[in-house]
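Go ahead and model the full structure; you've got the sequences and the hints to work with.
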Amino acid sequence: MLKKTIISLAVVFTALTVSVSAEYNKYNEASYINISNGTLGDVAAVFSMSVDEFKKEFGLPEDMAEDTNETAAYYSLTLENYAKMIREDIDTVIEHMSSSGDIKLDKSTLLLDAENNQLITNYFSPMTIDEFKKEYGFGDEVNEDTRYGDIRTQLYRKILAGMGTLSYFDENSLLVMLNGRYLDFDVAPIIVNSRTMVPMRAIFEALDATVHWDSDTKTIVATHGGDIITMQVGQNAMFLKDKKIELDVPPEIIDNRTLVPLRAVAEALNTEVFYNTDTKTVVIH
Numbered sequence: 005m006l007k008k009t010i011i012s013l014a015v016v017f018t019a020l021t022v023s024v025s026a027e028y029n030k031y032n033e034a035s036y037i038n039i040s041n042g043t044l045g046d047v048a049a050v051f052s053m054s055v056d057e058f059k060k061e062f063g064l065p066e067d068m069a070e071d072t073n074e075t076a077a078y079y080s081l082t083l084e085n086y087a088k089m090i091r092e093d094i095d096t097v098i099e100h101m102s103s104s105g106d107i108k109l110d111k112s113t114l115l116l117d118a119e120n121n122q123l124i125t126n127y128f129s130p131m132t133i134d135e136f137k138k139e140y141g142f143g144d145e146v147n148e149d150t151r152y153g154d155i156r157t158q159l160y161r162k163i164l165a166g167m168g169t170l171s172y173f174d175e176n177s178l179l180v181m182l183n184g185r186y187l188d189f190d191v192a193p194i195i196v197n198s199r200t201m202v203p204m205r206a207i208f209e210a211l212d213a214t215v216h217w218d219s220d221t222k223t224i225v226a227t228h229g230g231d232i233i234t235m236q237v238g239q240n241a242m243f244l245k246d247k248k249i250e251l252d253v254p255p256e257i258i259d260n261r262t263l264v265p266l267r268a269v270a271e272a273l274n275t276e277v278f279y280n281t282d283t284k285t286v287v288i289h
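Counting along the sequence shown from 1, when you hit position 103 you're at 107 in this note's numbering, and nothing is skipped either side.
Keep in mind that the hints were calculated from the coordinates and are not lab data.
Please read all numbers here as calculations on a predicted model, not as lab measurements.
Here a beta-carbon is modelled for each residue, glycine too, at the ideal position from N, C-alpha and C.
It is possible that some hints are incorrect.
Stated by the list, open to error - Label pairs and their computed distance ranges (CB to CB): (1) Glu139 x Phe243: 43 to 53 Å; (2) Glu92 x Gly229: 27 to 37 Å; (3) Glu148 x Asp218: 53 to 63 Å; (4) Ala49 x Lys111: 20 to 30 Å; (5) Asp67 x Met131: 31 to 41 Å; (6) Asp282 x Arg199: 18 to 28 Å; (7) Trp217 x Glu99: 54 to 64 Å.
This is the structure in structure tokens:
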């Protein structure tokens with residue numbers, strides 16, 4: 005059962021409401037798909053510990069913030085602390101991880117490195133390669149020589165889609181992460197002229213802004229503290245108070261939802277936006 009532990013631990017968490025954080029968290033660069041949509045704070049709570057207690061107990065970096073996405077935190081464990089967390093003997097963990105590996109593992113090896121080195125046939129044994137491909141929807145690109153690290157991102161996206169945690173998400177959809185968790189939308193984000201477009205009400209409210217929609221003029225007015233943002237469908241500009249900001253892509257109505265350019269909106273509200281092409285994830289700090 006050792007090989008199932010990550011997925012088993014992941015499913016105990018659920019998506020929670022997020023709010024904007026002013027702190028930049030270097031661990032939330034979306035290199036890992038977050039199956040649980042939980043955070044380090046959620047994991048610590050499962051163990052009935054404070055975040056600081058949890059980090060000390062399991063050897064995580066001191067600067068790892070509470071809103072670190074759960075998968076990033078989990079993969080930062082050494083094998084020694086991974087074994088401690090799952091209450092397994094370290095020698096048993098290393099023996100399992102080493103059985104098909106070509107790197108020498110020890111207790112200080114990161115869980116991420118150990119897993120990425122595993123052959124799929126070993127990691128998911130006794131499931132055969134054909135059973136694995138059928139179970140998770142892979143084709144001929146996966147074979148007996150495929151390493152877990154070669155398909156980890158695709159696999160986790162498939163699992164996230166299958167869990168139904170995000171109502172819009174399928175394995176090809178974009179992800180938008182704020183404060184370590186993915187935002188949910190009633191319609192999927194889309195790319196228009198290289199710009200990510202998201203439902204206007206969902207993104208403004210996630211960023212702690214109050215939004216008003218004028219259906220007659222198709223105008224969006226969002227208020228955040230003393231800032232007022234005004235946008236209009238089809239217009240390639242928005243106004244932050246009296247400042248005009250040019251838009252590469254204007255707000256659009258698609259499938260009866262008004263979509264707005266995510267980066268322009270987020271940056272107007274003093275947050276930073278990054279995009280990880282490998283995981284197809286937009287990260288908002």
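Q | Trp217 versus Glu99 beta-carbon gap, inside 54 to 64 Å or not | A | Holds, since Trp217 and Glu99 (Cβ atoms, about 59 Å apart) stay within the stated range.
Q. Within 53 to 63 Å or not, the Cβ separation of Glu148 and Asp218?
A. holds, 60 Å
Q) Does the Cβ distance between Ala49 and Lys111 fall inside 20 to 30 Å? A) At 27 Å between Cβs, range holds.
Q) If you check the beta carbons of Asp67 and Met131, does the distance land in 31 to 41 Å? A) Given about 38 Å between the Cβ atoms, the range holds.
Q. Quick one: are Glu139 and Phe243 within 43 to 53 Å, going by C-beta?
A. holds, 51 Å
Q: Indicate whether the distance between the beta carbons of Asp282 and Arg199 respects the range 18 to 28 Å.
A: holds, 19 Å
Q. Lying within 27 to 37 Å: is that true of the beta-carbon distance Glu92 to Gly229?
A. violated, 49 Å
Of the numbered hints given earlier, the model fails hint 2 alone.
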